[in-house]
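Q: The chain contents come next:
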Amino acid sequence: MIVLESVSKTYAQSRVRAVDGLSLQVPDGCIFGFLGPNGAGKTTTIRIMTGALQPDEGTIMIDGIRLDEHPEEAKRRFGLVPDTPDLFSRLKAWEFLNFVADVYRVSDDQRKERIATLARKFELEDKLGSTIGSMSRGMRQKLNIIASLVHQPHNWILDEPIVGLDPHAAFALKELMREHAARGGTVFFSTHVMEVAERLCDQLAIINRGRLVFTGSLENLRTMREHGMQAAGNEDLESLFLALVEEEDHAS
Amino acid sequence: MRSPLVALIGLQLKATFAIRVPAGDEWKNPRIILKTFGWALLALLLFADFVFLFGSMDYALIEALAPLGMQSYMLLNAIATASVLVFVLTLLTSLSFFSAAPNELVFVTMPLAPRDLLLARMTSIYAVNAPFALFIVVVALVIYGLKMGAPFWFYPSMVLHAAAIPLLPLALSYLLLVPLLSGSRMLRNRNAILYIGGIIGMLVALGFNFYLQRMMAKIQDPSYLITLMSNPASIVQRVARFWPPAWLAVSSAVTRNPGISIAAALANLVMGAGACIVITLLFRKRYVRLLCEFSEGGGGKGLRTDVALARLRAKPLLLTMLQREVALMNREPQFFLNGPFIILLFPLLFAIMYLAQRESFGELATILERPGASGVAYLLAAGFGIFLGSSTSITCTSISRDAKSLTYLKSLPIPANILVLGKLLHGLLFGLLGIVVGTGGLAVVMHLRGTDLAAALILALLGILASTASGLLLDLLSPRLKWEHPVSALKQNKNSVIMILGMMGLLGAMGYLTTVLSLPKYGYAMLYGGFFAVVATGSLLTMLTQAARRLQRMEP
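Line by line, the protein sequences are chains E and F. The opening residue of the first sequence carries number 1 in the working numbering; numbering runs sequentially from there. The opening residue of the second sequence carries number 253 in the working numbering; numbering runs sequentially from there.
Chain E extracted, bound-state conformation (with noise of 0.2 Å):
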């Protein structure tokens, strides 16, 4: 599970106030997808939430232990997919993916186990021995969210991770995000389709300027709409996040 209470943060240099007291629970066993426009914030949520920055205010708990408190121990709770998968572009894949089970502490057997079945799955067996400057985005993300996946984190964290991946790769990713959330983990992503989070997700929350404008299940969207000024119906999701992020930017 994770929690993010009345978490804000405001950049230092450009003093734009990207987060702006967010609070939101990601409970075990469900497949939460973060939605918002460009600039709303979301990368920045997902960076305080795996503590690569810190908030200004409010905590970040991860399975019940505060990341400000306990990083490491909290950090090994998690899996991250970066939003860029250009990282150690001079590494081979397979140094890239024995650095990452050094840091996991995950032993000979189970790495070589793990990494051999998810590189089958991503069809990226061939290029383990590759420099990861030689691969193509796609492959870059499908070796980044191996590495999220060598120490089987409770809680998986992913930034676009649809983004670059072939049909058959974004499948494979679906599959693997529904068996996780099946076997009582958490799964968190970020995302601008809206048909993947319509699909996949079983609660939402939408962020828009860096406020959380909406939080709940696709039909609690959906009922809130019906209750407001339009009538929701059959709405898409698409529909629905459009309406909603255009009511929130009349408001502000």
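For the record, the hints were derived by calculation from the structure and aren't laboratory data. All C-beta atoms in this analysis are idealised placements derived from N, C-alpha and C, irrespective of residue type, glycine included. Please note: incorrect hints may appear among the correct ones.
Straight-line Cα separation of at most 30 Å, DSS-like style, residue types lysine-lysine; simulated pairs [what the hints assert, rightly or not]:
#  : chain 1 : residue 1 : chain 2 : residue 2
1  : F       : Lys-734   : F       : Lys-287
2  : F       : Lys-656   : E       : Lys-112
3  : F       : Lys-656   : E       : Lys-174
4  : E       : Lys-174   : E       : Lys-121
5  : F       : Lys-734   : F       : Lys-280
6  : F       : Lys-266   : F       : Lys-746
7  : F       : Lys-266   : F       : Lys-280
8  : F       : Lys-656   : F       : Lys-266
9  : F       : Lys-537   : F       : Lys-266
10 : F       : Lys-399   : E       : Lys-121
11 : F       : Lys-743   : F       : Lys-266
12 : F       : Lys-656   : E       : Lys-121
13 : F       : Lys-656   : F       : Lys-567
14 : E       : Lys-112   : F       : Lys-287
15 : F       : Lys-656   : F       : Lys-537
Each pair of labels, with its calculated beta carbon distance range [as the list claims (entries may be wrong)]:
#  : chain 1 : residue 1 : chain 2 : residue 2 : range
16 : F       : Ser-730   : E       : Asp-68    : 47 to 57 Å
17 : F       : Arg-283   : E       : Val-16    : 18 to 28 Å
18 : F       : Ser-770   : E       : Thr-10    : 51 to 61 Å
19 : E       : Asp-56    : F       : Lys-567   : 31 to 41 Å
20 : E       : Asp-68    : F       : Gly-790   : 24 to 34 Å
21 : E       : Phe-171   : F       : Val-530   : 27 to 37 Å
22 : E       : Val-16    : F       : Ser-436   : 18 to 28 Å
23 : E       : Phe-171   : F       : Glu-736   : 28 to 38 Å
24 : E       : Asp-28    : F       : Cys-544   : 45 to 55 Å
25 : E       : Arg-120   : F       : Pro-568   : 25 to 35 Å
Let chain E serve as the given structure and place chain F on it in line with the hints.
A: Here is chain F on its own, set in the frame of chain E:
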């Protein structure tokens, strides 16, 4: 509306000379004002340094040649120097721009003529190298003009020649490189280009250094100068006779007819520009094909899957971090050539200085053999090891070099102290190499034995520990986290300038102290070693207590 060619040239020039001047409200920020003036002052000092270097050489040369009535040979020397230097620089610049070919692929997708692509690239290379030719020739011109009272037409004529000097090398560079790179798959690789260009560049710098050192050492010897300038077999004479731009420039300089002088200058310009146009017409399509081929990537399959999987083995985290540091630094040519490679480069540079100025080194040896100072030769060995080991900029840029992956690294459960200790060990590893090459090498040359050798090694180790730890602390406190090109993280990082100049200053101060303090033989080692131990301990303690907090606050 500008033509596509003019627009492309404008863009290439802006990309090549990305000098940013503060605008508007930025002038109200004291930090920006200070930084801008600091850079301007640095540029001015650098310019003044080169004016002094070339100016003093030209002045000494014209003075030495005056009794023989051979003053114009000073101009001949400047033209030959500019021609050779610019030829090599142009070749290297043309080669290095191929390493950026993938970035230029976007232009290939635009409706731009292949001719325009090549012409725009050649223009930016000309813009990079023309200032060198102009500088060398203009400095010589001013000295010659003032000393000899040259007529007014002499100056524009020679400036036109200086402007023409880089044109023919530019055309020849592409005449050589386009077929060479087209024919070699191995060379059509960014890393290969960077390594070849980097190593050739350093060799050229060493050669040029040797030439300058030799010239300065022999400047007071008229017989040497006469041989150098007038001997038909000398490089200066050969360049003047066989290299058309130099031949035309020399003809222009010695004639008393303004018409002939200006006509020779124009002929020089037309010849160079014509050669560039011919090359553009000949190679435009092959050049564009090369840009595409450079972007093909094709990293290959590398290791077989079973071999790669067999290599997955657990290690202690500190060793993992050290291995990562070494791999990432040594595999990035920009980092390697400007970092660990320095340990091999500097001894070579000093060897050249020694060969060029043996006589001066002889004086140094005499000073060292002076009673009271002879016993402290071990300090020289220790100092050279410290100098080499601390000149790699490994630790003082290690956080900056990680800027692109810092966000990800911070999301991993790596204790901050382990992360910085991995970086410290990386610096120490190459520091030790510096000690082996520097202290060890000099110890062999100076026949250091027993306690002298032990004192040199211990002092060098303490010095390296101090410089490595304080460098890392500096980068931890003030890293450069915003950069586009890897070289900006290392070479254009203020921390590497502070550490290199700081260590040079410190070693210089210690050298001075050795000459003024009267201590027992190993008293100096105790004093300097104690200082290094205090700096190292202070830096390490501060680093280990501050690492987590500092890393947490970094926002790449």
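Q: Each hint needs a verdict: does it hold in this structure or not?
A: Comparing the hints with the structure gives:
no. : hint                                : in the structure
1   : Lys-734(F) - Lys-287(F)             : holds (16 Å)
2   : Lys-656(F) - Lys-112(E)             : holds (28 Å)
3   : Lys-656(F) - Lys-174(E)             : holds (28 Å)
4   : Lys-174(E) - Lys-121(E)             : holds (12 Å)
5   : Lys-734(F) - Lys-280(F)             : holds (22 Å)
6   : Lys-266(F) - Lys-746(F)             : holds (23 Å)
7   : Lys-266(F) - Lys-280(F)             : holds (26 Å)
8   : Lys-656(F) - Lys-266(F)             : holds (24 Å)
9   : Lys-537(F) - Lys-266(F)             : holds (25 Å)
10  : Lys-399(F) - Lys-121(E)             : violated (80 Å)
11  : Lys-743(F) - Lys-266(F)             : holds (21 Å)
12  : Lys-656(F) - Lys-121(E)             : holds (29 Å)
13  : Lys-656(F) - Lys-567(F)             : holds (25 Å)
14  : Lys-112(E) - Lys-287(F)             : violated (51 Å)
15  : Lys-656(F) - Lys-537(F)             : violated (36 Å)
16  : Ser-730(F) - Asp-68(E): 47 to 57 Å  : violated (24 Å)
17  : Arg-283(F) - Val-16(E): 18 to 28 Å  : holds (20 Å)
18  : Ser-770(F) - Thr-10(E): 51 to 61 Å  : holds (60 Å)
19  : Asp-56(E) - Lys-567(F): 31 to 41 Å  : holds (37 Å)
20  : Asp-68(E) - Gly-790(F): 24 to 34 Å  : holds (28 Å)
21  : Phe-171(E) - Val-530(F): 27 to 37 Å : violated (56 Å)
22  : Val-16(E) - Ser-436(F): 18 to 28 Å  : violated (49 Å)
23  : Phe-171(E) - Glu-736(F): 28 to 38 Å : holds (36 Å)
24  : Asp-28(E) - Cys-544(F): 45 to 55 Å  : holds (51 Å)
25  : Arg-120(E) - Pro-568(F): 25 to 35 Å : holds (29 Å)
Hint violations for this structure: numbers 10, 14, 15, 16, 21, 22, all remaining hints satisfied.
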